[in-house]
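Chain by chain, the residues:
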Amino acid sequence: MVPTQYYVILSAILFGLGVFAFIFKRNIISIFMSIELMLNAVNLAFVAFSQAKGQLDGQIFVLFVIVVAAAEAAVGLGIIILIARNRQSLNVERVDLLKL
Amino acid sequence: MSLSLILFFLLATLAVIGAVSLILQRHPIHSALSLIVVMVALAGLYLLLGAEFVAAVQIIVYGGAIMVLFVFVIMLLNAAAEERTDISKIANSGLILPLVAVLTAFLGVTIARGTEFMQAAARAPGQGLVLADTRALSHMLFTDFVYPFELTSFLILVAILGAVVLAQRENQ
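Those protein sequences? They're chains A and B, same order as listed. Taking my numbering, the leading residue of the first sequence gets 752, the next gets one more, and so forth. Taking my numbering, the leading residue of the second sequence gets 4, the next gets one more, and so forth.
Rather than coming from a laboratory, the hints here were simulated on the basis of the structure. Think of the CB as a built atom: it goes at the ideal place given N, C-alpha and C, for glycine as much as any other residue. Errors might be hidden in some of the hints.
What the hints assert, rightly or not - Rough simulated footprint, nothing fancy, chain B against chain A, three-plus residues with beta-carbon under 8 Å:
id, stretch
1, 788-795
2, 820-831
To be verified - Sample of chain A residues facing chain B (criterion: CB under 8 Å; computed from the structure):
id, residue
3, F766
4, L768
5, Q810
Input sequences plus hints: build the corresponding full structure.
Put into structure tokens, the structure is as follows:
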């Protein structure tokens, strides 16, 4: 039996790496993938707590998170294709119309 | 050290290595493959936690559908290795690495301390560990959570329409 703390700490580490990648990556697709990494880290915490409490609500939430991630991926990748078509670049530095 | 603990450390190491590789790889396709490694390792962890259905969905939807979509878009756009232009000011200041480390440590410590209470509550008499079987999961999904479930289908419909509208080429 693995203690729940281990899972939660692993989840925090993965979330931190996701935040790190989100800030440091310059490629818009890589940034999008780091968001998926953060979602995955949260899912792990959900399932770990679900097992610790002996209730299934956490796993239901994970299913909803996966559905939302799929919808987000579909729309987000559409936006990325649009950006790539309009700017001829995937670098977020080139998409700075809203920057002061 | 029990077998499940060994498996946990094996899968956890694999997941962390994949996540670090996601950051270090400069080509998006390599990052995507690293992310697939993380997802498969997490599916193994879900199996270890007794959540078989979530593990299967993780492999099928995340590893199968979402990541294939990512790889497809990367290849469609012919994405090259990312260029290291001047990174954002906040990242350049050298402040962000300790900041993220502190955030992670804070999250880990806070939630892990909360878990101790939770485990004490779970071990209390009269509250045995419910085996997470798929039957109970589906029953719950279609009774207690049926409205969120139906809303989800609406969300997917909107996402499909949005993706079609966004990706179509304007030929006027």
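Results for each hint:
Under a criterion of three residues with beta carbons nearer than 8 Å to beta carbons of chain B, the stated coverage of the stretch 788-795 of chain A is upheld, 4 such residues being counted. Look at the stretch 820-831 of chain A against chain B: 11 of its residues bring a Cβ nearer than 8 Å to a Cβ of that chain, three or more, so the hint holds. The criterion of a C-beta within 8 Å of any C-beta in chain B is met by A:F766, whose closest approach is roughly 7 Å, and the hint holds. For A:L768, the interface hint holds, since its Cβ comes within 8 Å of a Cβ in chain B; the closest pair sits about 4 Å apart.
The criterion of a C-beta within 8 Å of any C-beta in chain B is met by A:Q810, whose closest approach is roughly 5 Å, and the hint holds.
Hint compliance for this structure: no hint is broken.
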